[in-house]
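Given chain A's structure and the hints, the job is docking chains B, C, D, E and F onto it.
6 protein chains.
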Amino acid sequence: MLTRSAIDAVVLPALAEDAPWGDVTSETILPAGSGATAVLAAREPGVMSGMAVFTATMLACDPEAQVEELLGDGERFEVGMPLARVTGDARGILRAERVALNLVQRMSGIATETARYVDAVADTSARIADTRKTTPGLRVLERHAVRCGGGSNHRFSLSDAVLAKDNHLAVLTAGGRDLTEALRDARAKLGHTVHFEVEVDRIDQIEPVLAAGVDAILLDNFTIEQLREGVRLVAGRAVVDASGGVSLETVADIAGTGVDVISVGAITHSVRALDLGLDIELD
Amino acid sequence: MLTRSAIDAVVLPALAEDAPWGDVTSETILPAGSGATAVLAAREPGVMSGMAVFTATMLACDPEAQVEELLGDGERFEVGMPLARVTGDARGILRAERVALNLVQRMSGIATETARYVDAVADTSARIADTRKTTPGLRVLERHAVRCGGGSNHRFSLSDAVLAKDNHLAVLTAGGRDLTEALRDARAKLGHTVHFEVEVDRIDQIEPVLAAGVDAILLDNFTIEQLREGVRLVAGRAVVDASGGVSLETVADIAGTGVDVISVGAITHSVRALDLGLDIELD
Amino acid sequence: MLTRSAIDAVVLPALAEDAPWGDVTSETILPAGSGATAVLAAREPGVMSGMAVFTATMLACDPEAQVEELLGDGERFEVGMPLARVTGDARGILRAERVALNLVQRMSGIATETARYVDAVADTSARIADTRKTTPGLRVLERHAVRCGGGSNHRFSLSDAVLAKDNHLAVLTAGGRDLTEALRDARAKLGHTVHFEVEVDRIDQIEPVLAAGVDAILLDNFTIEQLREGVRLVAGRAVVDASGGVSLETVADIAGTGVDVISVGAITHSVRALDLGLDIELD
Amino acid sequence: MLTRSAIDAVVLPALAEDAPWGDVTSETILPAGSGATAVLAAREPGVMSGMAVFTATMLACDPEAQVEELLGDGERFEVGMPLARVTGDARGILRAERVALNLVQRMSGIATETARYVDAVADTSARIADTRKTTPGLRVLERHAVRCGGGSNHRFSLSDAVLAKDNHLAVLTAGGRDLTEALRDARAKLGHTVHFEVEVDRIDQIEPVLAAGVDAILLDNFTIEQLREGVRLVAGRAVVDASGGVSLETVADIAGTGVDVISVGAITHSVRALDLGLDIELD
Amino acid sequence: MLTRSAIDAVVLPALAEDAPWGDVTSETILPAGSGATAVLAAREPGVMSGMAVFTATMLACDPEAQVEELLGDGERFEVGMPLARVTGDARGILRAERVALNLVQRMSGIATETARYVDAVADTSARIADTRKTTPGLRVLERHAVRCGGGSNHRFSLSDAVLAKDNHLAVLTAGGRDLTEALRDARAKLGHTVHFEVEVDRIDQIEPVLAAGVDAILLDNFTIEQLREGVRLVAGRAVVDASGGVSLETVADIAGTGVDVISVGAITHSVRALDLGLDIELD
Amino acid sequence: MLTRSAIDAVVLPALAEDAPWGDVTSETILPAGSGATAVLAAREPGVMSGMAVFTATMLACDPEAQVEELLGDGERFEVGMPLARVTGDARGILRAERVALNLVQRMSGIATETARYVDAVADTSARIADTRKTTPGLRVLERHAVRCGGGSNHRFSLSDAVLAKDNHLAVLTAGGRDLTEALRDARAKLGHTVHFEVEVDRIDQIEPVLAAGVDAILLDNFTIEQLREGVRLVAGRAVVDASGGVSLETVADIAGTGVDVISVGAITHSVRALDLGLDIELD
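Protein chains in written order, with the numbering used here: chain A, 1 to 283; chain B, 1 to 283; chain C, 1 to 283; chain D, 1 to 283; chain E, 1 to 283; chain F, 1 to 283.
Keep in mind that the hints were calculated from the coordinates and are not lab data.
Check before you lean on any hint, since a few could be wrong.
Since the list can't tell identical chains apart, any single copy or any two copies may satisfy a pair.
As the list claims (entries may be wrong) - Derived pair list, reagent style SDA-like, types lysine to any residue, alpha-carbon separation capped at 25 Å:
(1) K133 <-> R4
(2) K165 <-> T37
(3) K133 <-> E69
(4) K133 <-> P208
(5) K133 <-> L179
(6) K133 <-> D201
(7) K133 <-> L12
(8) K133 <-> G74
(9) K189 <-> R237
(10) K133 <-> G176
With the rest of the complex left out, here is chain A (with noise of 0.2 Å):
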């Protein structure tokens, strides 16, 4: 799903920021030439994601490396399993070696705590979302990992899906007008394949949003009370999206409520990196 030219857009600036100029260790001490073998291993276990970013990266460092990816993005491994192997130049794979793993640890990583909120919510119906709070530069593959773990992903952008916030609502109903018609006058001026979510913050809100015919709603900030009463109230007639307050200790409970979608900011914005190695047997 990560196609060649959004991972080259990663990649190859990531390997010129990490050597700009040439790799003064590996020229000064490596001759030219010489071979060398490396295993990408998993250290702790996890959700494999960025398994092409990985042969990406070796390739653009040593084009006729040879690389076997032993498991695809979105399967599981455990502690000591050998991921990939790639045979080739000792001074490409060398200097293939950070920015592979700064990725591909990242990436893992990501998929690995997606995973851990979507198996807790594993008997509701409910779907783990990501959210914007991504890393600059690095969404499309952030969002393939949150994928990779399991997750749903929520609008790719400010471009392609309206999310109104109360902000907006404030500007919309701003000297008194009726929120549920102002809400169907904005609707009015977008696109039919553009889907409308509002955000609320209070139960009183949910009636006049629905009545305007959103696609979906976002509770923000409700306790698990509200969010339950607020899945009655809205009945079906709008997906329901949750969100603020999720943590792996919550989930259960607000998936529990009836909620259609829960998202999560910190699957993102605050990632582990994975703890992979890459060992390698010089020739």
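For chains B, C, D, E and F alone, kept in the frame of chain A given last:
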């Protein structure tokens, strides 16, 4: 210390990523030309980093905006403190909001975590240094954030300093070559401005490495006891750098062994976004 | 609604394309520093689009130029009306002239043609929508031009909405799979913000498609009679979109069938540049 | 004649524009790895242009695709003729489809319209030339399309040749300066490889312009009678170029006056996309 | 004559190359915000070229800097003369210094050397022209420098003019084809604005080349005697261009033969940087 | 040691600069698909540098070309020796020719001149080092060329090492501050991998600079006598670097004083292109 061009190289593509063809919500709901004031506020205590990034992001979306920076990079703040105030076009501020927060939360998260490590070793002479385990595309910004937290920067890239690791040493001494002599020869190939650091895994590697006249020696995954012994052996002949198994729990003990530098990957590879918010008041 | 960065992404390369190493005519003939005033004038009636593009092109060639915009995007004008006036460096204005006209004539041509379609369906509730048949590199600008003409935007790209066509349906139901179930399964893989539209070629496909719960159904190459039947069958359960065989001659009849959206490729893929000129008066 | 780099400079950004974060339809519906064969087919007769662009777009989306080009650029085709055949990854072909068609339809549209003008003047010695009224970003491709249709290219840009127009002449002769002398002085400042052409609006400007030794003279908006008189006056001392009021109705008469070149903006600024389709057969 | 965009296209990447992650010296030693005044001074006599490049480099590093240009491009200066004065941020000026000097020293070196050639032929009607032997990436700037020195520009690139050399002629006449006819046919394929120049190595090639109606003929590696004979044979029917063996010692004699243009590779491919310095006075 | 991406970053834009819209000569004269063989030949003796650049330029213009490299970078060659042989598409080779030669002639010119300096000091322990006086955009290539000639690289940029000059020292000691202490404080702010070098103009500055513990001291514009005295004073406590007044005439004497490094601007800022030619034999 962050130049405008370094900031723009991150901010402008990030804004394009977050709004490739405009902000359909604001364009639908906010009247063109309506104004707003926003306050960047601390929702938890921390160390500031990225104030110029915040300002640049706002100005990129509204060149006429007035941004008041209430705190400088490297300064500490408490919960609830206003950090910056911006007045300008409402659509511009809302378009900038997410990108600005994504970057400043990450940078301040790094600075704050770095400061915790720095505080933990405050009564020693050890420095806390970063690594190349940074987010691809953001190294200049993340390195700056480490400095804001009182940390020190390790080599920036593969190009500007040598760090010879186990794999390199294995090649260098292949065929039974003497390590000291091999390192001396390697160094002779380098320009005189290139820092030369060698990583060792065992106590008995220290003497032959030092004999070659290195600038620094990296003791990797040494126990506290071994570090102490290593420092004693080096005896000031090179900078002593320690890595592996460094955490907020262990760092003080490591620093207590007398090492000069402690390299910590976690301050950049596993960052929790600091909780900062943008409180917007529309006109 | 067009951001400065979207405009610059087109205008700056266009200027480089049109003058890769300067303007040999002006540099030879016009004394450095000589001034000029130019008026953008309508040589035929139409609907304005691209005023900000005109201004940005002039300013790119002469940052000190004074541009007076006499009309806003979306406004109609008559033959002979002055649309904008620019005063500045003569060399700058002449260098900008062709690029500015090439863009504004195209955009206003699109807006004007779109408005003809919109006018033709004015007494119905149908919207005129564009397609992905835009000029490579100019989609953001051409979509804006469609809106200036009163049209509505269809999905922007392959990324932001699903439009499943005959080929997709063929794959989906390969091996005798039930269409409704297959579509329902496909939709379940998508984020909740993604618009889901399915194209059908025959009346009997409508019911199984609707049963899957789509957002919109595209009736492709239906006769007027079939469209009317289609609208009756859909009965408000999804947005009805019509495409194929749409021209200024047929559009009113198509709209009369009660469809919600009419997608027209011709308003972007076969544009006649509107006749606008730049009347220059050198100092 | 189109280099791969010129093609890629258009195709790669166009693909990114059309699928910034993937093709959600194909990724949802088509199994990874499923194959397809597609035929580029003519739905109306025309002149081919852009075959290499078609191929490059397909290969950019599927580097393993096999593309068979059944016709060369500049060749004519009839309704229903297959022009190219591509076999490869179904997702890749569908992702490439719209961009490939948008470009090839436009280029073949230009070639076909150009050929109509060329045919109309076939029994004269006049050439049909293009202008700088091309689509921003596509000049190299559109100029190639003009050549495919049998047309000739005018100057590519402001940089490579002089074309002094009324405004330039006004400046040159300001203060009562002699036109001939002024032009001669201007030309002396130019490198000897720069083509020097001057536009005139009146018969009486011809002699003083020619006296300065220009390479070509552009008779702008002359009547047929005036053109004939102009050609007679020039008498072979310079290339005679005609512009203004050129259409398929008038071009033969203009050519009949004996002019050498007829510059036509419409062949690039007001193109109707030629009706080509991609017939896809999925495996 | 140098546009800001042409200058920025060189200066901005050059600054990034020279300080990819800041200026560690200035950042360590100079207090943020300290000011400085710097004078660009001539340490040898020469001809100015690149003043706008100097200014742009300074402003790129300090947008608030005040730059006073004391001399214009093309003007001559003596040892010790101040050429420009800049007042601004000390860190910015020091960061800009090396890039500014590298460019201005090279450009003024070219202008100064060109002027020596121009002076050497001052009492003839011959022009000194440059070639395509320029520094990759700097052609626009180096061509400007040649003009500053009083030289003339040859074709800019392979795209804007024909220069058929021995290899081309060999192909053209392969199979015993008549040279005149072959050249005439080749020219007929070109647009009327394209300069057509043919290189010959022997006297007896001149007549057949001229018979084809070329714009210029390049006499390559002719002796003085042969040049004189060549000029006599051409007799004004085409521009006569001479190349090969041109040096400051030989150029006057070559010019004395009556050729129109003398093409000199050395003025761009073997430049000595002119000795200019930046005298900095910190506040 | 030159990576493909570093080469492409120079070669691809250079080719675009040299043929923005094709090669009108070859396209007019050479039949599409005609082949050629070309030999890169030495017209004067020298040291090879840029063989990979030559190959990359040829392959960029003809991906199918066969390039045989007959010599490696750093090897010496005599007049008339063939250095490389390329067989491929005639148009491709001719399009690549000028860019390939411009780069290889410059690089080999630098390598050859550097080797002259290196030879001149061969019986001393001094190294010849380059400076930041390189051509903007070509630093990575020119630094490589210096190494090919046996030279050593000084700091690459402002980012990777400190070189404090007179202006910096002036600021540092402003207000009567002690130089040693000030330098020690400055160094303490730097990461431990950053080389710290200080330039001095006078003998009496040496002791206080060394007392601060610098890595290297640069003796600028010292006489031979002063250099000898300086070396004696430093006594191995830091690397001794000499600059100013270095030429092929003086370098041996400078090296004879016992300095470790001699920095020479002229090997990069004033390069004479080495006389290499491409002898083309068309099929």
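So, going through the hints one by one against the coordinates:
For the homomeric pair K133 and R4, the shortest alpha-carbon distances inside one copy (24 Å) and between copies (24 Å) are both at most 25 Å. When the C-alpha separation of K165 and T37 is checked against a cutoff of 25 Å, the pair qualifies only between copies, where the shortest distance is 16 Å, while the shortest distance within a copy is 52 Å. When the C-alpha separation of K133 and E69 is checked against a cutoff of 25 Å, the pair qualifies only between copies, where the shortest distance is 23 Å, while the shortest distance within a copy is 30 Å. With identical chains, the CA atoms of K133 and P208 are never at most 25 Å apart, being 29 Å at best within one copy and 38 Å at best between copies.
Taking the shortest alpha-carbon separations for K133 and L179, neither the intra-copy value of 28 Å nor the inter-copy value of 37 Å comes in at or below 25 Å. In the homo-oligomer, the alpha carbons of K133 and D201 lie at most 25 Å apart inside one protomer (20 Å), although the nearest pairing across protomers, at 39 Å, exceeds that limit. When the C-alpha separation of K133 and L12 is checked against a cutoff of 25 Å, the pair qualifies both within a copy, at 23 Å, and between copies, at 17 Å. Taking the closest pair of Cα atoms, K133 and G74 come within 25 Å of each other both inside a single copy (21 Å) and across two copies (24 Å).
In this assembly of identical chains, K189 and R237 lie within 25 Å of each other by CA distance both inside one copy and across copies; the values are 22 Å within and 21 Å between. In this homomeric assembly, K133 and G176 never come within 25 Å of each other (Cα to Cα): the closest approach is 33 Å inside a single copy and 42 Å across copies.
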